[in-house]
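Colleague: In this text, residue positions in the sequence shown follow my numbering: the first is 12, and each later residue adds one.
Keep in mind the hints are simulated off the structure, nothing from the lab.
These numbers come from a predicted model, not from an experiment.
We put the CB at the ideal spot given by N, CA and C, even for glycine.
Hints are supplied without guarantee of correctness; some may be wrong.
As the list claims (entries may be wrong) - Per label pair, the in silico range of CB-to-CB distance: (1) His99 / Asp240: 43 to 53 angstroms; (2) Asp49 / Pro80: 31 to 41 angstroms; (3) Ala202 / Gly124: 39 to 49 angstroms; (4) Arg179 / Ala38: 14 to 24 angstroms; (5) Gly244 / Glu87: 42 to 52 angstroms; (6) Val237 / Val175: 46 to 56 angstroms; (7) Leu26 / Arg179: 35 to 45 angstroms; (8) Arg172 / Ala204: 40 to 50 angstroms.
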Amino acid sequence: MVDDATTDELARWRLDAVQGLVAAVEAAPDAPVPAYPDWLVRDLALHVVRTSETAVTALRTGALERPRPEVPVAREDDPATLADAVRHSSREAEAALEDCGHEVVWTPVGARGSRFWQRRLLREAVLHRWDAEQAGGAPQAPGPETAGELIDEFFDTDIVRAFVNSERERSGVVAVQAGARQWTIDLGGGAVAIDSAGGSDAATISGEPAVVWLWLMRREQLPGSVSIDDVGGAASAFTDLIDQMNRPSR
């Protein structure tokens, strides 16, 4: 994968996203979240705290099996407490990322270096800021550089799990184009290649980076249009592959 954002850039993007999420939690904790039926914004806060605490434990202990830390906040807590928990867990995660001395730690996709958590915690903050702000009626899309990095994170992690967990055979090639990059997916072989965006004989899915990333995350009411040229049905097959993803459980 590309993975070319600097550590400082990732930290800056995470801070901005966490601040937006915290504001949304404080403003409308009981707003329903469109992406997750039966979830309120307070559930998003709880989920983000749990993910951050899990990352902190893995990074600090070098755990190679999934950590199950206690979550220092409850769904029923008042908005200020929930918001403080998001802030605190985020600060703890930043410190753990900076201090991590372990070569590899547990991640949802196997043992990896701390760089995995640099990008996954960015994804958690940006995505659930969008969810929380959408629940409040005014979502803010990530900038093109952030979104490009998150698309790459998707193809480095989520798509691997999607192929592993899929019970259906699929075939065809689809090119996902965003900004200057193109991710070409061989649905039959389960492989992803990256090159410069351009002409392709494959099925194509294209658009601005933030729009494409949110589409990959299966969000609705996108901040722009996604263009789909479904050559041979490969784009539909790819959409079917990712449709069951990105639904966290409490």
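Colleague: Under the constraints set out in the numbered hints, which ones does this structure not fulfil?
Modeller: 2, 3, 4, 6, 8
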